[in-house]
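Number of protein chains: 2
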Amino acid sequence: MARIVNRDEILSSGDIDSKRVLLDIVEHVLDNIDPVRAVYSSVSVNRESRVFRVDGKIFRIRGRIYVVGIGKAACRMARAIEDLFGDMIEDGVVITKYGHREDLSRLKVIEAGHPIPDANSLRGAEEAMKIFSRVDQRDILLFLISGGGSALFEYPEDGISLKDIIVVNDLLVKSGAKIHEINTVRKHISRVKGGKVSRMVRGRIVALIISDVVGDPIEFIASGPTARDPTTFRDAYRIAKLYDVWDKFPESVRVYIEKGVEGLVQETLKEVPGNVDHFIISSNSIACSHAAEKAQELRLRPAILTTQLEGEAKDAGIVLGSIAVEVYKMDRPVTKPALLIAGGESTVTLVGSKEIGVGGPNQELVLSLSKKIRGLRSVAAVSIDTDGADGSTDASGGIVDGYTYDLLVDRGIDPDTYLKKHDSYRALKAINSLVITGATGTNVNSITLILVR
Amino acid sequence: MARIVNRDEILSSGDIDSKRVLLDIVEHVLDNIDPVRAVYSSVSVNRESRVFRVDGKIFRIRGRIYVVGIGKAACRMARAIEDLFGDMIEDGVVITKYGHREDLSRLKVIEAGHPIPDANSLRGAEEAMKIFSRVDQRDILLFLISGGGSALFEYPEDGISLKDIIVVNDLLVKSGAKIHEINTVRKHISRVKGGKVSRMVRGRIVALIISDVVGDPIEFIASGPTARDPTTFRDAYRIAKLYDVWDKFPESVRVYIEKGVEGLVQETLKEVPGNVDHFIISSNSIACSHAAEKAQELRLRPAILTTQLEGEAKDAGIVLGSIAVEVYKMDRPVTKPALLIAGGESTVTLVGSKEIGVGGPNQELVLSLSKKIRGLRSVAAVSIDTDGADGSTDASGGIVDGYTYDLLVDRGIDPDTYLKKHDSYRALKAINSLVITGATGTNVNSITLILVR
Chain P
4 MARIVNRDEI
14 LSSGDIDSKR
24 VLLDIVEHVL
34 DNIDPVRAVY
44 SSVSVNRESR
54 VFRVDGKIFR
64 IRGRIYVVGI
74 GKAACRMARA
84 IEDLFGDMIE
94 DGVVITKYGH
104 REDLSRLKVI
114 EAGHPIPDAN
124 SLRGAEEAMK
134 IFSRVDQRDI
144 LLFLISGGGS
154 ALFEYPEDGI
164 SLKDIIVVND
174 LLVKSGAKIH
184 EINTVRKHIS
194 RVKGGKVSRM
204 VRGRIVALII
214 SDVVGDPIEF
224 IASGPTARDP
234 TTFRDAYRIA
244 KLYDVWDKFP
254 ESVRVYIEKG
264 VEGLVQETLK
274 EVPGNVDHFI
284 ISSNSIACSH
294 AAEKAQELRL
304 RPAILTTQLE
314 GEAKDAGIVL
324 GSIAVEVYKM
334 DRPVTKPALL
344 IAGGESTVTL
354 VGSKEIGVGG
364 PNQELVLSLS
374 KKIRGLRSVA
384 AVSIDTDGAD
394 GSTDASGGIV
404 DGYTYDLLVD
414 RGIDPDTYLK
424 KHDSYRALKA
434 INSLVITGAT
444 GTNVNSITLI
454 LVR
Chain S
4 MARIVNRDEI
14 LSSGDIDSKR
24 VLLDIVEHVL
34 DNIDPVRAVY
44 SSVSVNRESR
54 VFRVDGKIFR
64 IRGRIYVVGI
74 GKAACRMARA
84 IEDLFGDMIE
94 DGVVITKYGH
104 REDLSRLKVI
114 EAGHPIPDAN
124 SLRGAEEAMK
134 IFSRVDQRDI
144 LLFLISGGGS
154 ALFEYPEDGI
164 SLKDIIVVND
174 LLVKSGAKIH
184 EINTVRKHIS
194 RVKGGKVSRM
204 VRGRIVALII
214 SDVVGDPIEF
224 IASGPTARDP
234 TTFRDAYRIA
244 KLYDVWDKFP
254 ESVRVYIEKG
264 VEGLVQETLK
274 EVPGNVDHFI
284 ISSNSIACSH
294 AAEKAQELRL
304 RPAILTTQLE
314 GEAKDAGIVL
324 GSIAVEVYKM
334 DRPVTKPALL
344 IAGGESTVTL
354 VGSKEIGVGG
364 PNQELVLSLS
374 KKIRGLRSVA
384 AVSIDTDGAD
394 GSTDASGGIV
404 DGYTYDLLVD
414 RGIDPDTYLK
424 KHDSYRALKA
434 INSLVITGAT
444 GTNVNSITLI
454 LVR
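Sequence lines, in order, name chains P and S. If you use our numbering, the first sequence corresponds to residues 4 to 456, in order. If you use our numbering, the second sequence corresponds to residues 4 to 456, in order.
Simulated from the structure, these hints should not be mistaken for laboratory data. Remember, predicted model here, so these are calculated numbers, not experimental data. Be a bit skeptical, because a hint or two may be false.
A pair counts as met if it fits within one copy or between any two copies, since identical chains are not told apart.
What the hints assert, rightly or not - Here are the simulated DSSO-like pairs of lysine-lysine, each with C-alpha atoms no more than 27 Å apart in a straight line:
1. Lys332 - Lys60
2. Lys244 - Lys374
3. Lys177 - Lys423
4. Lys181 - Lys424
5. Lys423 - Lys181
6. Lys273 - Lys374
7. Lys273 - Lys332
Could you put the whole structure together from the sequences, leaning on the hints where they help?
Here you go:
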């Protein structure tokens, strides 16, 4: 289980009491979003009567159970599935990121490339496709899906090479195309995305999903291997033209997309067949609910403001801070003692600055927020990326209170200057205000908690 | 009274019903923040018993009544005061911005420079100081304060010229000093800021304030002519040094501040004397409460999220939109049908873009928000600057609904591109989604209203 390793240092100064409350809530959330715990919360198995249940829906086991897992949380999800189903599992494979391996007793583990797919991503997909083909009408495939699955699990359509896929991705990323647009193209040149897996399996598919996408759209999580895909070959072509990369695409890719536009090769999945069920067993929304539950236990009034947070981290910090000040001064929109909860994924845009520092969106968010709550007693805020790595730092995020801003100024660290050069890590580190957990083995985006008493 | 002049055009397409609700609430707010109405809401006079009351506090009129008004709303405030006190008013002067004159029956009106003070700002202050000196111990000075008063009402300390003040201001603005820092310096070289007026009046001062500063800190509204000032000569000196402008300051200013640091001239007001009362009779918070009141009348659940909103407009739109989506999808933090209310002042930072368009923060906020609520039924948002001019445009702000984003795309107007070049005005104008009221004669910053049903 993930723990806050620098808890004692964080609680060595400032508003210790408020920060302790926040760290307790963060640890409660981290415990509960652990993939093992998440699987156990949603899935229960009765081996004797050969029945299992996912979030209230009952599945009868008539044939064999196969398991395929993809994504960064795949191994930990698979471990829980092995515990639950034991020798009922016939066979399976798990594809995860290098360094995320955990030994499993029944399932094969393949480590592959992320964020850029590599030969192992294809090898993993090949193994998985072998499994898919073995799932008979009476069998069940447990498909464990988590973030990162899009790169880790990949197999190009006919005539297209891994290199072609990497080139296309690279061209689109550099063209300024949005992530949804990039995925639209990728889904149409991959054999395993955009719901196409649903077509490969004759038996029942039970997809257990840990969502790392804001709003939990299942067609975007790991590029939706089993989900309905609303986009078309025509969209893929239009996007490539729009961003002026069509002519630079490898010939194999152009040929394949043109065939698709002409209706000569099959589209992505347009209707989910009746043998497929999707369950989101962990998500930002679920993480926020765990925070709210713990808050209530601590006699705080929780208010989940959003689980769809987006926008520039610095400004998200100011806006959330402005709501915290309102609670503090006016007891609205919720009355004190309160815990404001905001989930989602804010971003850091590097602009104009020649000198770029170290930091992640969660660190930047709380550093910015510290200015808004400056001088307020018993107000504190923490923001973390649930995967344990905020931006490219070794911290999950940061924690601040009403004294943080002035403490920084006293230390000769002007928060505004550090924000401007995106150097929140060094500012927070200097005053023991980073939150360090190490990798958590899952990812349900970020959460921000603001305590106002 | 301010009216939405393009109401019919706004209500010619899109989610007409939702937009009508929002416009009704906006008009209710504008009616109630009109300075005449604001004075009437707070002040009542019983001429026969020679008593008046402000927000529950009773004042007995033993001597004469004098009136001094400063700021953009000064004339309209003064008109209400003339109506209420009539011939009980002995004398007075009102200093407002060019073009904001309204004829008054008993009080002299002087128009002066804004945002840069001019000779008339000094003439006005001279006239006001003559009035201050006439207020006897048994008399009452009604001091009407509103935004813009800092430039419109100015008189330099000994040896300093108007030009010196303008030079100092200009140097500080260009140095990147923050507005509070600039005001710290200005208060220390002005005879009428930083509470110094409180020292000039022997009788009672009743200050009626319309706040245009987020959080309503009375020491910052019109540079706090009657309020306690926490800053010192030493702060002014430190700021000038910090931003590297000290050596460029006119000699007269350097000499005066040095004298101050040595204690040879008097500091700004450090303790408000017992004969001074401050009343905020209109503010963003009051405007938000009027919106909430109207929402309740319309059977909507109002939630004032904040009256302290700050941050980049585009990102404030995304964050507020993310809360609206949460209400829509999850019925939290407030249940539908709801009106989310956010007051404050967001900003537009022009960066990187070579091509800069037309727009203001409120227009940019709603245009950005339209992306978040894209496709949602019965969700709409409006954001306006209560002074009637958003940024440097002729619109107060903008209004959007769940159809706005796609409508723009259909018209070949990519909202993201228009946001990037800060051209929200043209995007919203093309689809009749500007909100135009003309000057409202007051300013309590901006309000954003989001309807979710």
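Intra- versus inter-copy proximity for Lys424 and Lys181 (alpha-carbon distance at most 27 Å): So Lys181 and Lys424 pass the 27 Å test inside a copy (25 Å) and across (18 Å) alike.
Copy assignment of Lys273 with Lys332, given that the CA separation must stay at most 27 Å: between (51 Å within a copy, 24 Å between copies)
Lys332 and Lys60: within-copy, between-copy, both or neither at 27 Å Cα: between (46 Å within a copy, 23 Å between copies)
Intra- versus inter-subunit Cα pairing at 27 Å for Lys177 with Lys423: both (25 Å within a copy, 18 Å between copies)
Intra- versus inter-subunit Cα pairing at 27 Å for Lys273 with Lys374: between (49 Å within a copy, 25 Å between copies)
Identical-chain pair category, Lys244 with Lys374, by Cα at 27 Å: The answer is between: 23 Å across copies meets 27 Å, while 45 Å in one copy does not.
27 Å Cα threshold - placement of Lys181 relative to Lys423: Answer is both; intra-copy 25 Å and inter-copy 14 Å each pass.
Every hint from the earlier list agrees with this structure, and none is contradicted.
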